[in-house]
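Chemist: Here are the chains, one letter per residue:
Number of protein chains: 2
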Amino acid sequence: MKAWEKNVRKVEPYVPGEQPKIDGIIKLNTNENPYPPSEKVMEALKALENDKMRLYPDPEAVELRDEIAKKYGTKRENVFVGVGSDDVISMCYMTFFNSDKPILFPNISYSFYPVWADVHKVPYKEVEVGPNFEIIVDTFKQENGGIIFPNPNAPTGLSLGLDAIEQIVASNQDSVVIVDEAYVDFGTESALKLVDKYDNLLVVQTYSKSRSLAGMRIGFAIGNVALINALNDVKFSFNSYTMNYTSIKLGVAVMDDWDYFEETRKKIIATRERSKEELTKLGFTFPDSKANFIFASHKTVKAEYIFDELKKRKIYVRYFKKPLIDSYLRITIGTDEAMDKLFEALREIVA
Amino acid sequence: MKAWEKNVRKVEPYVPGEQPKIDGIIKLNTNENPYPPSEKVMEALKALENDKMRLYPDPEAVELRDEIAKKYGTKRENVFVGVGSDDVISMCYMTFFNSDKPILFPNISYSFYPVWADVHKVPYKEVEVGPNFEIIVDTFKQENGGIIFPNPNAPTGLSLGLDAIEQIVASNQDSVVIVDEAYVDFGTESALKLVDKYDNLLVVQTYSKSRSLAGMRIGFAIGNVALINALNDVKFSFNSYTMNYTSIKLGVAVMDDWDYFEETRKKIIATRERSKEELTKLGFTFPDSKANFIFASHKTVKAEYIFDELKKRKIYVRYFKKPLIDSYLRITIGTDEAMDKLFEALREIVA
Numbered sequence: 004m005k006a007w008e009k010n011v012r013k014v015e016p017y018v019p020g021e022q023p024k025i026d027g028i029i030k031l032n033t034n035e036n037p038y039p040p041s042e043k044v045m046e047a048l049k050a051l052e053n054d055k056m057r058l059y060p061d062p063e064a065v066e067l068r069d070e071i072a073k074k075y076g077t078k079r080e081n082v083f084v085g086v087g088s089d090d091v092i093s094m095c096y097m098t099f100f101n102s103d104k105p106i107l108f109p110n111i112s113y114s115f116y117p118v119w120a121d122v123h124k125v126p127y128k129e130v131e132v133g134p135n136f137e138i139i140v141d142t143f144k145q146e147n148g149g150i151i152f153p154n155p156n157a158p159t160g161l162s163l164g165l166d167a168i169e170q171i172v173a174s175n176q177d178s179v180v181i182v183d184e185a186y187v188d189f190g191t192e193s194a195l196k197l198v199d200k201y202d203n204l205l206v207v208q209t210y211s212k213s214r215s216l217a218g219m220r221i222g223f224a225i226g227n228v229a230l231i232n233a234l235n236d237v238k239f240s241f242n243s244y245t246m247n248y249t250s251i252k253l254g255v256a257v258m259d260d261w262d263y264f265e266e267t268r269k270k271i272i273a274t275r276e277r278s279k280e281e282l283t284k285l286g287f288t289f290p291d292s293k294a295n296f297i298f299a300s301h302k303t304v305k306a307e308y309i310f311d312e313l314k315k316r317k318i319y320v321r322y323f324k325k326p327l328i329d330s331y332l333r334i335t336i337g338t339d340e341a342m343d344k345l346f347e348a349l350r351e352i353v354a
Numbered sequence: 004m005k006a007w008e009k010n011v012r013k014v015e016p017y018v019p020g021e022q023p024k025i026d027g028i029i030k031l032n033t034n035e036n037p038y039p040p041s042e043k044v045m046e047a048l049k050a051l052e053n054d055k056m057r058l059y060p061d062p063e064a065v066e067l068r069d070e071i072a073k074k075y076g077t078k079r080e081n082v083f084v085g086v087g088s089d090d091v092i093s094m095c096y097m098t099f100f101n102s103d104k105p106i107l108f109p110n111i112s113y114s115f116y117p118v119w120a121d122v123h124k125v126p127y128k129e130v131e132v133g134p135n136f137e138i139i140v141d142t143f144k145q146e147n148g149g150i151i152f153p154n155p156n157a158p159t160g161l162s163l164g165l166d167a168i169e170q171i172v173a174s175n176q177d178s179v180v181i182v183d184e185a186y187v188d189f190g191t192e193s194a195l196k197l198v199d200k201y202d203n204l205l206v207v208q209t210y211s212k213s214r215s216l217a218g219m220r221i222g223f224a225i226g227n228v229a230l231i232n233a234l235n236d237v238k239f240s241f242n243s244y245t246m247n248y249t250s251i252k253l254g255v256a257v258m259d260d261w262d263y264f265e266e267t268r269k270k271i272i273a274t275r276e277r278s279k280e281e282l283t284k285l286g287f288t289f290p291d292s293k294a295n296f297i298f299a300s301h302k303t304v305k306a307e308y309i310f311d312e313l314k315k316r317k318i319y320v321r322y323f324k325k326p327l328i329d330s331y332l333r334i335t336i337g338t339d340e341a342m343d344k345l346f347e348a349l350r351e352i353v354a
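Chains as they are written, first to last, in our numbering: chain A, 4 to 354; chain B, 4 to 354.
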């Protein structure tokens, strides 16, 4: 080993879901939206100006923050934007989680939470979910340096009611509480309603799921001005221009077409509910997902076997080979047509 | 102060150069390219597919890394890409600068270097440039946990020869040495020639200056495979999908039109040399810039006064109110037409 290698940071690299570069596959492995973004996105793309490309984008991303604020009935000063909600949350760790006390998050949850803690040298403690994967409000009633959890939770899809969220936020007013609402638009009540009441609450959402724009990397956070200012200060000390010209413009275009958003999210919810029926018939059990995926375990056939068999048939779902969840598959809700092909394949595999 | 505010990170936010949102200004303050990107960028934009937007972009950004590798005669495995060179360098700090010994950089240099050190809790020591702002090779011959400097340096525009760079790299083989070549294409020999010889050397470049694509936020680093792997591991543990779909595609299109790049960078170099003559006639002195800006001080008129007067005339240059450099203005090289307007205004102001 060379001397300089001793100072290289050792990390456990996160392995993202496969993005296979082959055609004709059915991709139900990374919770993307099966519907393309609104046609307004293509219009916005065509309206982009070559001469603007040579200039730095607006570091404040004012246009995008104003549009988000307008749609959510708040102000620019209450909105932070980043390169996907991963960027937003990572920035939150750097900004808010500087206590010696551990931050808390569920032991079954988004796999990036412990990774960011390691990267940013933040102590953490995983609180245990219940026997049916449910988040238990009382586990968050202990000393901590911050709290983060997704609602609905990933990869289970289970959601917490607003009362439960409020209990967590209200009983932790000395900490910043982050509700990661990546999947909220598929049938969960948002904690945005509580943002005016609790200055320690930050709600994070993303364009990557319900907004059909994973390719553009846009996430945002809404909270009180002090939280947003603190985030912006850290962001500006780091990389002032993270949101590129196209993200800003396309992000505005997507928010602008609310009808299309309603139409597609309702279609996905309907397909999810139908998928629950089909999966039940096929012998699967699962938590009652409110997200755009179902976390399903078969009564008799092993998850890894099903995963491999589906892959042979060019159908990609997600399998986490980890304790507690290694008998489950996380299946993204695709179009009705894609789901029918999945059920057909599953009928062969689990028969 | 609320209890949670005690755990909020305190940072000295970087103040980026103004991006005024008014029309009709002459913008010579943030070292952008005065020429729009190649028409191939607009073609690439029109070829983007709506249905690809809903999918996560390739986390490996293979297409872009392959194109950069091809153009620079190296391999994908030797290329790292990020959201502007700011993102690349910040990631380098996290990845390579984990020693207890201070990293070294010049005391007159890119203002983000100490800021990233603070953000990532990296100890640092500024080494002094000479009386004419020149970087002194011997100042880098002391114990350190890493080295970074721009070549040409910013905001002076002075460049170091390849021999000097090699001395720094060769005498610091226990540290990672980063040469920040944001401005290299305007007339400095690149250290890329040394990358095969020294495994501790990483060269960082950007699309924001010579490639006319500041709006898209693309930076890259070239170095040996071990360095690039380490960077990718940290990146993947942080945010796997930082390069969005449009950046990847437009970044390829720009690299693909090398002739246009040659044409525009030569035009900028010619305008810079003519500007040196004009500024000399107007009573300015300056280091002999090899970048797309000139760091100029007037013999009798104060920099801040000139800055304010230019602004009244809607001409924006950069003024740093900092010790050692507060009698200088950093003037970005614009089109010949823009520079003529600057000279005309300066004739009024310094007369």
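In case anyone wonders, no lab produced these hints; they're calculated from the structure.
It is possible that part of the hints are untrue.
Note that the list lumps identical chains together, so a pair holds whenever it fits in one copy or between two copies.
To be verified - For lysine to any residue, the following SDA-like pairs were computed, each having C-alpha atoms within a straight-line distance of at most 20 Å:
id: 1; residue 1: K24; residue 2: R316
id: 2; residue 1: K269; residue 2: Q145
id: 3; residue 1: K344; residue 2: V118
id: 4; residue 1: K9; residue 2: I231
id: 5; residue 1: K9; residue 2: D236
Chemist: All hints are to be evaluated individually against the structure, with a verdict given for each.
Modeler: A quick look at each hint next to the structure:
In this assembly of identical chains, K24 and R316 lie within 20 Å of each other by CA distance solely inside one copy; the values are 15 Å within and 53 Å between copies. Taking the closest pair of Cα atoms, K269 and Q145 never come within 20 Å of each other, the shortest separation being 38 Å inside a single copy and 64 Å across copies. For the homomeric pair K344 and V118, neither the shortest alpha-carbon distance inside one copy (35 Å) nor that between copies (53 Å) is at most 20 Å. Taking the shortest Cα distances, K9 and I231 sit within 20 Å of each other only across copies (15 Å), while inside one copy they are farther apart (37 Å).
Within a single copy, K9 and D236 get their C-alpha atoms only as close as 32 Å, which misses the 20 Å cut-off; across copies the closest is 15 Å, which meets it.
Going through the hint list in order, the structure does not satisfy hints 2 and 3.
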